[in-house]
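Chains as they are written, first to last, in the working numbering: chain A, 14 to 217; chain B, 34 to 506.
FYI, nobody ran anything at the bench for these hints, they're computed from the structure.
Please note: incorrect hints may appear among the correct ones.
Said to hold, decoys possible - Lysine-lysine pairs mimicking DSS-like chemistry, simulated, CA-CA at most 27 Å apart:
id: 1; chain 1: A; residue 1: Lys-36; chain 2: B; residue 2: Lys-236
id: 2; chain 1: B; residue 1: Lys-393; chain 2: A; residue 2: Lys-83
id: 3; chain 1: B; residue 1: Lys-486; chain 2: B; residue 2: Lys-443
id: 4; chain 1: B; residue 1: Lys-194; chain 2: B; residue 2: Lys-75
id: 5; chain 1: B; residue 1: Lys-194; chain 2: A; residue 2: Lys-23
id: 6; chain 1: A; residue 1: Lys-23; chain 2: A; residue 2: Lys-185
id: 7; chain 1: B; residue 1: Lys-200; chain 2: B; residue 2: Lys-75
id: 8; chain 1: A; residue 1: Lys-199; chain 2: B; residue 2: Lys-200
id: 9; chain 1: B; residue 1: Lys-75; chain 2: A; residue 2: Lys-214
id: 10; chain 1: A; residue 1: Lys-36; chain 2: A; residue 2: Lys-23
id: 11; chain 1: A; residue 1: Lys-36; chain 2: B; residue 2: Lys-194
id: 12; chain 1: A; residue 1: Lys-83; chain 2: A; residue 2: Lys-115
id: 13; chain 1: B; residue 1: Lys-93; chain 2: A; residue 2: Lys-214
id: 14; chain 1: A; residue 1: Lys-36; chain 2: B; residue 2: Lys-393
id: 15; chain 1: A; residue 1: Lys-172; chain 2: A; residue 2: Lys-115
id: 16; chain 1: B; residue 1: Lys-200; chain 2: A; residue 2: Lys-214
id: 17; chain 1: B; residue 1: Lys-194; chain 2: A; residue 2: Lys-199
id: 18; chain 1: B; residue 1: Lys-236; chain 2: B; residue 2: Lys-393
id: 19; chain 1: A; residue 1: Lys-214; chain 2: B; residue 2: Lys-194
id: 20; chain 1: A; residue 1: Lys-185; chain 2: A; residue 2: Lys-172
id: 21; chain 1: A; residue 1: Lys-185; chain 2: A; residue 2: Lys-36
id: 22; chain 1: A; residue 1: Lys-83; chain 2: A; residue 2: Lys-172
Note that this is a predicted model, so its numbers are computed, not measured.
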Amino acid sequence: MSRLNDANIKLAREIIARYPRPKSALIPLLHLSQEQNGYITREAMQHLGELVGVTSAEVYGTASFYEMFKFEPVGKYLINICGTMSCALMGAHELMHHAEKKLGIKAGGTTPDGVFTLAHAECQAACTEAPTLQVNYRYRLRVTPDDLDRLIDNLRDGKLNDEFPPHGVLSKVRQSIDASRAVGAKAPEDVNEAPAWLDGKAAL
Amino acid sequence: MSKTYVHAPGFVAGDRPKIVTSRFEFADSFTLERYLATDGYKGLRAALSRPANEIHEDVKSATVLGRGGAGFPAGTKWGLTPQQVWPRYLVVNGDESEPGTYKDRLLMERDPHQLIEGCLIACYAAGLSQCFLYIRGEMALAQERVATALNEAYAAGYVGKNILGSKFSVDIILHWGAGAYVVGEETALIESLEGNRGMPRLKPPFFPAANGLYGQPTIVNNVETLANLPWLLTHGVAAYTAIGTKTSPGTRMVAVSGHVKRPGVYEIINGTTTFRDLLYGEEFCGGIRNGNALKAFVPGGGSAPWFTPDQLDLPFEASQVGPAGSMLGSGAVMVMDETTDIPAAALTLTHFYAHESCGKCTPCREGGTWLERILRRVVNGEGTDADLQQLLEVGAMICPGAFPHAANEKLGLSAVPFPYKMTTICFVGPSAYAPVHSALTLFRSEFEARVKKRVTIPVTVVANETANVGASA
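Put together the whole structure using the sequences plus the hints.
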């Protein structure tokens with residue numbers, strides 16, 4: 014059941030067509046699969062391999078390198094608390110201890126109801142706003158223990174559904190290129206000439 | 034209390050020239066409408082009105098330095114592509130993840146059109162026929178903002194076929210990662226873009242400009258570097274070089290985090306602004322929190338050797354910071370006040386690099402992990418004095434020879450200049466050692482206070498006992 018559905022297959026083919034080589038689309042397609050299923054299954058990797066023309070082992074080889082791809086279910090909300098230097102200097106470890114107590118799980122664990130997964134994260138590029146955390150890769154900044162309590166309660170009560178889509182959904186906007194505007198991707202071996210605008214004259 | 038997250042906060046404006054942050058004051062800075070109302074796509078029009086090679090010359094003579102970490106001039110990088118090999122690609126490095134660094138995400142979330150325009154100018158000038166804009170996986174909002182901006186720009190004729198009705202045509206493809214720090218290294222970025230594990234490629238070739246994506250000439254530029262181009266083309270080389278110094282013209286974005294009164298992202302004048310200005314100046318961070326004393330600071334991202342108050346008067350100028358024993362890196366200053374537990378602070382960074390090692394080079398894969406485990410032992414009070422020596426020995430296997438460090442008058446240390454030698458393909462391995470080495474060199478007493486003296490069994494006694502055992506047998 015974890016092959017891409019028809020709508021996503023259509024989307025996948027559009028994405029693949031943007032690259033000179035199909036395998037380049039693999040990471041975006043893994044995200045698409047994770048968005049559909051919440052995590053990456055063996056069957057999904059088999060299917061993605063078929064779509065881009067590689068074996069499922071190659072798909073797993075790529076997918077397993079990257080932190081964001083999960084191979085078993087995680088909570089609806091993945092809470093990543095940054096612990097790298099700037100955040101550590103501003104109390105990230107205390108925040109993590111607080112989160113562990115509040116949720117009753119250790120970092121890396123998931124609550125029995127399947128709502129929250131808590132994880133250590135590395136630098137989230139918001140260092141001036143430390144300590145930081147992300148819920149499903151969306152930020153909360155300068156987080157105090159009280160903020161964290163409120164955040165968890167509100168997430169559990171469904172009050173923040175608009176702000177935090179379920180785990181797997183990243184960008185809510187997709188790039189879409191109208192066929193009339195697209196230049197189109199060509200395999201590198203099919204291009205042997207300098208681009209038209211390099212003729213020594215102004216383009217406009 | 035933390036608020037609903039609208040777009041990247043943290044930027045602190047000031048009464049200084051603004052090249053890349055000029056639209057940040059507007060709440061709708063990311064829309065095409067605002068962009069067009071504030072000189073948007075003017076630089077592109079200016080570029081397309083002249084032959085491509087002239088634009089390349091402009092970027093060269095303006096000495097637009099790379100803002101990703103190495104500080105290599107963009108115009109020179111573009112010139113490293115082999116003649117008459119086609120196609121050539123542009124890969125935009127938006128995989129910002131160096132500890133302490135926070136600027137590219139701001140630029141993507143708050144002014145995506147500026148980045149898109151920069152990509153177009155680069156493609157035009159260097160003859161690059163397709164652009165891949167690689168955004169870090171964990172930045173959902175940046176992906177949304179750039180996707181929206183690209184959709185607008187395609188529809189309005191700024192990207193795609195026959196841009197502004199000209200013969201210039203290029204696609205910009207939004208690509209996004211999935212969480213791996215090492216992918217910020219340019220050859221790893223290319224591997225990742227090819228759908229592979231993001232491991233750096235063997236060198237040489239040293240630059241993907243010669244052999245990059247699909248084996249073709251490929252330019253990899255940082256987001257901030259490209260974001261400079263629209264302003265440069267709109268206002269001209271002279272206006273650009275009038276800001277900053279000859280060797281470091283223009284501005285640069287610097288994130289100051291940690292124990293300062295006003296942590297934030299500042300667009301500063303390149304080359305002349307000093308660390309003292311930045312940390313203590315009223316228009317910048319306003320001093321150390323609670324009036325505390327400064328203990329140490331990291332001048333250029335987690336990979337950079339540390340500085341102490343002795344180096345505060347250095348300007349943001351690579352030719353001075355390098356000989357002083359560190360680097361400017363990606364514009365990330367992390368500040369530690371007198372209350373900081375130095376070994377524990379170093380551990381957070383060493384843990385980071387050990388965790389992010391891709392595993393390709395043994396010295397980094399094994400050595401980084403050893404460094405972390407030994408350091409953790411020391412921080413937890415379970416280490417011995419032999420562990421301190423061991424840290425330096427393991428580090429020397431990743432970086433043989435003298436490792437850069439700052440001068441320190443109190444300790445009687447003179448600076449060892451940057452860079453170092455390394456036994457790994459990329460900088461992740463040495464980066465795991467940088468914080469350990471700096472902390473241990475500059476604050477050795479803090480380590481010594483935490484370790485137990487190892488009790489050694491006197492060798493002579495053992496030898497005699499052995500002899501006795503032998504004799505009685």
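Tested hints:
1. Pair hint Lys-36 (chain A) plus Lys-236 (chain B) holds up; C-alpha atoms about 24 Å apart against a cutoff of 27 Å.
2. Distance restraint check for Lys-393 (chain B) and Lys-83 (chain A): the Cα-Cα separation of roughly 22 Å lies within the 27 Å cut-off, and the hinted pair is therefore satisfied.
3. Between Lys-486 (chain B) and Lys-443 (chain B) the CA atoms are separated by roughly 25 Å; this keeps the pair inside 27 Å, and the hint holds.
4. With a C-alpha separation of about 19 Å, the suggested pairing of Lys-194 (chain B) with Lys-75 (chain B) holds against the 27 Å cut-off.
5. In summary, the hint linking Lys-194 (chain B) to Lys-23 (chain A) is supported, as the alpha carbons are separated by about 23 Å, within the 27 Å threshold.
6. Simply put, Lys-23 (chain A) and Lys-185 (chain A) have alpha-carbon atoms about 17 Å apart, close enough for the 27 Å limit, and the pair holds.
7. Pair hint Lys-200 (chain B) plus Lys-75 (chain B) holds up; C-alpha atoms about 17 Å apart against a cutoff of 27 Å.
8. Restraint check for Lys-199 (chain A) and Lys-200 (chain B): the C-alpha separation of about 18 Å stays at or below 27 Å, so the hint holds.
9. Restraint check: the Cα-Cα separation between Lys-75 (chain B) and Lys-214 (chain A) comes to about 19 Å, which is no more than 27 Å; the hinted pair holds.
10. Between Lys-36 (chain A) and Lys-23 (chain A) the CA atoms are separated by roughly 16 Å; this keeps the pair inside 27 Å, and the hint holds.
11. Between the alpha carbons of Lys-36 (chain A) and Lys-194 (chain B) the distance comes to roughly 24 Å, so the proposed pair stays at or under 27 Å and holds.
12. Of the pairs offered as hints, the one joining Lys-83 (chain A) and Lys-115 (chain A) holds, with about 24 Å between alpha carbons and a cut-off of 27 Å not exceeded.
13. Pair hint Lys-93 (chain B) plus Lys-214 (chain A) holds up; C-alpha atoms about 19 Å apart against a cutoff of 27 Å.
14. This hinted pair checks out: Lys-36 (chain A) and Lys-393 (chain B) have alpha carbons roughly 22 Å apart, not beyond 27 Å.
15. As the CA atoms of Lys-172 (chain A) and Lys-115 (chain A) are separated by approximately 18 Å, the hinted pair is consistent with the 27 Å bound.
16. Annotation: proposed proximity of Lys-200 (chain B) to Lys-214 (chain A) holds, straight-line Cα distance about 10 Å (limit 27 Å).
17. Restraint check for Lys-194 (chain B) and Lys-199 (chain A): satisfied, since their Cα atoms lie roughly 14 Å apart, inside the 27 Å limit.
18. With a CA separation close to 13 Å, the supplied pair Lys-236 (chain B) and Lys-393 (chain B) stays within the 27 Å bound.
19. A C-alpha spacing of about 18 Å is found between Lys-214 (chain A) and Lys-194 (chain B), which places the hinted pair at or below 27 Å, so the restraint holds.
20. Distance hint between Lys-185 (chain A) and Lys-172 (chain A) is fulfilled; the C-alpha atoms sit about 19 Å from each other, no more than 27 Å.
21. With a C-alpha separation of about 24 Å, the suggested pairing of Lys-185 (chain A) with Lys-36 (chain A) holds against the 27 Å cut-off.
22. Restraint check for Lys-83 (chain A) and Lys-172 (chain A): the C-alpha separation of about 26 Å stays at or below 27 Å, so the hint holds.
Consistency note: the structure conflicts with none of the earlier hints.
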